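Model the full assembly from the supplied sequences, consistent with the hints where possible.
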Amino acid sequence: MPNKKKIYDKGAVLVGLCIFVIVITFPFWFNFGNAAPAPEPKISDKAKAAKECVMPKEYMKMEHMQLLNEWRDTVVRDAKRIFVSSSGKEFNMSLTNTCLDCHVEKAEFCDKCHNYASVTPYCWECHIDPKETK
Amino acid sequence: MKSSRRKFLKIAGVSALGLGAKPVLDVLAASGEHEETSKPEIMKGKDALIAKRWAMVVDTRKIESEEDLKPMIEACHKIHNVPEFENKNHEIKWIWLEEFKHEFPTQEHEFVDERVKHLPFLTLCNHCQNPACVRVCPTKATFKREDGIVLMDFHRCIGCRFCMAACPYGSRSFNFRDPRPFIKETNPEFPTRTKGVVEKCNFCAERLAVGRMPACVEASNGVLTFGDLDDPESEVRKLLKANYAIRRKPALGAGPSVFYII
Chain A
0 MPNKKKIYDK GAVLVGLCIF VIVITFPFWF NFGNAAPAPE PKISDKAKAA
50 KECVMPKEYM KMEHMQLLNE WRDTVVRDAK RIFVSSSGKE FNMSLTNTCL
100 DCHVEKAEFC DKCHNYASVT PYCWECHIDP KETK
Chain B
0 MKSSRRKFLK IAGVSALGLG AKPVLDVLAA SGEHEETSKP EIMKGKDALI
50 AKRWAMVVDT RKIESEEDLK PMIEACHKIH NVPEFENKNH EIKWIWLEEF
100 KHEFPTQEHE FVDERVKHLP FLTLCNHCQN PACVRVCPTK ATFKREDGIV
150 LMDFHRCIGC RFCMAACPYG SRSFNFRDPR PFIKETNPEF PTRTKGVVEK
200 CNFCAERLAV GRMPACVEAS NGVLTFGDLD DPESEVRKLL KANYAIRRKP
250 ALGAGPSVFY II
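Same order as they appear, the protein sequences are chains A and B. Per numbering that gives the first Met the number 0, the very first residue in the first sequence carries number 0; after that it's consecutive. Per numbering that gives the first Met the number 0, the very first residue in the second sequence carries number 0; after that it's consecutive.
No wet-lab data here; the hints were simulated from the structure. It is possible that some hints are incorrect.
Estimated spans, in silico, between C-beta atoms of each pair [to be verified]: (1) A:50 / B:67: 48 to 54 Å; (2) A:18 / B:159: 25 to 31 Å; (3) B:16 / A:110: 50 to 56 Å; (4) A:40 / B:159: 57 to 63 Å.
Here are the simulated SDA-like pairs of lysine to any residue, each with C-alpha atoms no more than 25 Å apart in a straight line [said to hold, decoys possible]: (5) A:130 / A:44; (6) A:105 / A:21; (7) B:183 / B:194; (8) B:38 / A:78; (9) A:111 / A:51; (10) A:47 / B:39; (11) B:38 / A:93; (12) A:111 / B:193; (13) B:43 / A:44; (14) A:79 / B:153; (15) A:130 / B:188; (16) A:130 / B:143; (17) A:45 / B:187; (18) B:143 / A:76; (19) B:38 / A:48; (20) A:105 / B:184.
Which stretches of chain B does chain A cover? Using the computed rule of at least three CB atoms under 8 Å from a CB of chain A, they are [stated by the list, open to error]: (21) 37 to 44; (22) 149 to 157; (23) 191 to 198.
Every value quoted in this text rests on a predicted model; they were computed, and no experiment measured them. All C-beta atoms in this analysis are idealised placements derived from N, C-alpha and C, irrespective of residue type, glycine included.
So this is what it looks like as structure tokens:
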């Protein structure tokens, strides 16, 4: 049996399809090549001088949020506030008093990546950025 | 033919076992290595004050007027970034003053002596032995620490205010508004709170951790004594042994850790 299937209004359908595909892919080709450059968080002079962070740089880049969560729980729940890094240096586990003491510029350090990645951690609703209060 | 197939299967079995064992051995070897490099450690500070059950004794005999108590309230509210609201409905208080009839409603009667009747009583969270607020908290944001301090994890508070309903002492306040604009002078070393969480006195857990007495005790000129209730040699125990002290609403069985020498 010959299989004769026919598209009705073939021309209109094809034109419609083309327009549909163009509209749906608009964001892709419109923004092609315009990707926002990856942010470069600025390391403050004080942080540079300190040379080492509480954990290796790569770990901090990827996992600082987990580390901060762990710090939060141990400080509040277990009353343990001292972190001894693998190099033997002691740190007070405090976002404002330790992290921000070195990384002085929150706007240039934290916010740069957070804005780029479109994440809004609510740390700062309670924890103080000393710069902001001045 | 038969024997060679048998042989083949044996060899195949043994080599499969060998291949399977390799990754397991690798993991074991790696974990062994891992322990050799020093891992980061988390611990208590060397100067941290430690106790089994922290308690406070208020010697009301040394108090004459509100003026004697105001510095303690100021010291506390300043270092903990406690906001000051004009509207009493929004009031946040960690430590405040109360009249005898409100402080000890079950002990009040018509003939209370003049001094006690008009004496301001310093009031704060009692850090109960059997805290009702901890029982009702649905998120475990309020919990009792090993050293008896009833503490709040503001990160976990969802602002349901069950604890405020449960606390028989009114020790808790709710942040109906963003407190930040109402803090006169911000202490950057201590976080503020945010709208929608409950807060209360923390017996200065952050100061005990670095070996300092609570701020109110430091500012009290000997009116307040702070120490370990579990240690018979501690200052608080000596005071309680030598003087008759009362607690707020004892019949409730909450077991307050704040004592008042009348």
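Structure-based check of each hint:
1. A:50 / B:67: 48 to 54 Å: Since residue 50 of chain A and residue 67 of chain B have Cβ atoms about 51 Å apart, the given range 48 to 54 Å holds.
2. A:18 / B:159: 25 to 31 Å: violated, 53 Å
3. B:16 / A:110: 50 to 56 Å: holds, 55 Å
4. A:40 / B:159: 57 to 63 Å: violated, 38 Å
5. A:130 / A:44: holds, 16 Å
6. A:105 / A:21: violated, 42 Å
7. B:183 / B:194: Roughly 17 Å between the alpha carbons, so the hint for residue 183 of chain B and residue 194 of chain B holds.
8. B:38 / A:78: Given that 25 Å is the threshold and the Cα spacing comes to 20 Å, the pair holds.
9. A:111 / A:51: Holds - the C-alpha atoms of residue 51 of chain A and residue 111 of chain A are around 21 Å apart, at most 25 Å.
10. A:47 / B:39: Holds, because 21 Å separates the two Cα atoms, which is no more than 25 Å.
11. B:38 / A:93: holds, 20 Å
12. A:111 / B:193: holds, 24 Å
13. B:43 / A:44: Cα-Cα ~30 Å, so violated.
14. A:79 / B:153: holds, 17 Å
15. A:130 / B:188: holds, 13 Å
16. A:130 / B:143: violated, 34 Å
17. A:45 / B:187: Holds: residue 45 of chain A and residue 187 of chain B sit about 19 Å apart, inside 25 Å.
18. B:143 / A:76: Roughly 9 Å separates the two Cα atoms, so the pair holds.
19. B:38 / A:48: With a Cα-Cα distance of about 24 Å, the restraint between residue 38 of chain B and residue 48 of chain A holds, given a limit of 25 Å.
20. A:105 / B:184: holds, 21 Å
21. 37 to 44: Answer holds; 8 residues pass the 8 Å Cβ test.
22. 149 to 157: Since three or more residues must qualify, the claim that chain A covers the stretch 149 to 157 of chain B holds, with 4 doing so at under 8 Å.
23. 191 to 198: Holds: 3 residues of the stretch 191 to 198 of chain B have a Cβ under 8 Å from chain A.
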